[in-house]
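Work the whole structure out from these sequences, hints included.
Listed here are the chains, written in short residue letters.
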Amino acid sequence: AQSVTQPDIHITVSEGASLELRCNYSYGATPYLFWYVQSPGQGLQLLLKYFSGDTLVQGIKGFEAEFKRSQSSFNLRKPSVHWSDAAEYFCAVGFNDYKLSFGAGTTVTVRA
Amino acid sequence: DVKVTQSSRYLVKRTGEKVFLECVQDMDHENMFWYRQDPGLGLRLIYFSYDVKMKEKGDIPEGYSVSREKKERFSLILESASTNQTSMYLCASSHGSGPAKETQYFGPGTRLLVL
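For the record, the sequence lines run as chains A and B.
Residue 54 in the numbering used here sits at position 54 of the first sequence, and the numbers go up by one each step.
Residue 102 in the numbering used here sits at position 102 of the second sequence, and the numbers go up by one each step.
Quick caveat, the hints were computed from the structure, so don't treat them as lab data.
Any given hint might turn out to be false.
[Unchecked claim] Here are the simulated lysine-lysine pairs, DSBU-like style, with alpha carbons at most 30 Å apart:
#	chain 1	residue 1	chain 2	residue 2
1	B	Lys3	B	Lys101
2	B	Lys101	A	Lys68
3	B	Lys3	B	Lys13
4	B	Lys55	B	Lys13
5	B	Lys53	B	Lys71
6	B	Lys70	A	Lys99
7	A	Lys99	B	Lys57
8	A	Lys49	B	Lys55
9	B	Lys57	A	Lys49
10	B	Lys71	B	Lys55
11	B	Lys18	B	Lys53
12	B	Lys53	B	Lys13
13	B	Lys18	B	Lys71
14	B	Lys13	B	Lys101
15	A	Lys99	B	Lys53
16	A	Lys68	A	Lys49
17	B	Lys101	B	Lys71
18	B	Lys101	B	Lys70
19	B	Lys18	A	Lys99
20	B	Lys71	A	Lys99
21	B	Lys57	B	Lys18
22	A	Lys61	B	Lys3
23	B	Lys18	B	Lys101
24	A	Lys99	B	Lys55
25	A	Lys49	B	Lys18
26	A	Lys99	B	Lys3
27	B	Lys3	B	Lys53
28	A	Lys49	B	Lys3
29	A	Lys49	B	Lys13
30	B	Lys57	B	Lys71
31	B	Lys70	B	Lys3
32	B	Lys101	A	Lys61
33	B	Lys101	A	Lys99
34	B	Lys70	B	Lys55
So, in structure tokens, the structure goes:
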């Protein structure tokens, strides 16, 4: 069955440190891949997406993600975290033309 | 900027009540979605619509219905609210055919409490 997994429920990082959030999927072909962020009290906002081509994708707010076909992964990274990056992050995967499946989310806490 | 608005940020209802959640988008998007968000479960798709008067079941449609009479408006209906429908409800919209490929734009959510 098709599935999306975010293994880390909660990550705490120091401001200025690097951040990596993991996302794995189970699917026979290359799906459509997205990362969304939800700040407290807000709806979700798209950070970046991947469909094909260069496997390193740049997004907004200084985020990037790398698609690794061999590992069925699409991990999100940021070299230096700011306090405003504290939020919940969702990986989403489109397995067919109409439906998007979301991971359970990773909550990021940034400590001063 | 794309704007997706939801009629209420917070809603408290009694068990058995009929509940309407309204969503409006202002970007002439073809596709609209209703999700519920629960801790540890992420977002789960309830229903989506790819055109006026068209609807498709998502992963958890039981206990819900939807209505899309106008392109900009997508309503979620809880015919008889139950306590297990206490949740955050998110509406989203996207452009084009093949919704899974397109960026979805989300409203701020409605936090529903059923007592």
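Results for each hint:
1. B:Lys3 to B:Lys101: Holds - the C-alpha atoms of B:Lys101 and B:Lys3 are around 19 Å apart, at most 30 Å.
2. B:Lys101 to A:Lys68: Answer holds: B:Lys101 to A:Lys68 is near 19 Å, not above 30 Å.
3. B:Lys3 to B:Lys13: 27 Å, holds
4. B:Lys55 to B:Lys13: OK: B:Lys55 and B:Lys13 at ~26 Å, within 30 Å.
5. B:Lys53 to B:Lys71: At roughly 9 Å apart (the allowed maximum being 30 Å), B:Lys71 and B:Lys53 satisfy the hint.
6. B:Lys70 to A:Lys99: With Cα atoms ~22 Å apart, B:Lys70 and A:Lys99 stay inside 30 Å; holds.
7. A:Lys99 to B:Lys57: Satisfied, since the Cα-Cα distance of roughly 10 Å is no more than 30 Å.
8. A:Lys49 to B:Lys55: 26 Å, holds
9. B:Lys57 to A:Lys49: 25 Å, holds
10. B:Lys71 to B:Lys55: Holds. B:Lys71 to B:Lys55 sits at ~12 Å (cutoff 30 Å).
11. B:Lys18 to B:Lys53: 21 Å, holds
12. B:Lys53 to B:Lys13: Judged against 30 Å, a Cα distance of about 27 Å means the pair holds.
13. B:Lys18 to B:Lys71: Roughly 23 Å separates the two Cα atoms, so the pair holds.
14. B:Lys13 to B:Lys101: 36 Å, violated
15. A:Lys99 to B:Lys53: 18 Å, holds
16. A:Lys68 to A:Lys49: 14 Å, holds
17. B:Lys101 to B:Lys71: 20 Å, holds
18. B:Lys101 to B:Lys70: 23 Å, holds
19. B:Lys18 to A:Lys99: 27 Å, holds
20. B:Lys71 to A:Lys99: 19 Å, holds
21. B:Lys57 to B:Lys18: With a Cα-Cα distance of about 20 Å, the restraint between B:Lys57 and B:Lys18 holds, given a limit of 30 Å.
22. A:Lys61 to B:Lys3: 20 Å, holds
23. B:Lys18 to B:Lys101: 34 Å, violated
24. A:Lys99 to B:Lys55: Holds. A:Lys99 to B:Lys55 sits at ~13 Å (cutoff 30 Å).
25. A:Lys49 to B:Lys18: 38 Å, violated
26. A:Lys99 to B:Lys3: Between A:Lys99 and B:Lys3 the Cα gap is close to 21 Å, so the pair holds against 30 Å.
27. B:Lys3 to B:Lys53: 21 Å, holds
28. A:Lys49 to B:Lys3: The given pair, whose Cα atoms are some 20 Å apart, holds under the 30 Å limit.
29. A:Lys49 to B:Lys13: It is violated: about 38 Å lies between the C-alpha atoms, which goes past 30 Å.
30. B:Lys57 to B:Lys71: Given that 30 Å is the threshold and the Cα spacing comes to 18 Å, the pair holds.
31. B:Lys70 to B:Lys3: 16 Å, holds
32. B:Lys101 to A:Lys61: 22 Å, holds
33. B:Lys101 to A:Lys99: With a Cα-Cα distance of about 9 Å, the restraint between B:Lys101 and A:Lys99 holds, given a limit of 30 Å.
34. B:Lys70 to B:Lys55: 13 Å, holds
Hint compliance for this structure: hints 14, 23, 25, 29 are broken, all remaining hints hold.
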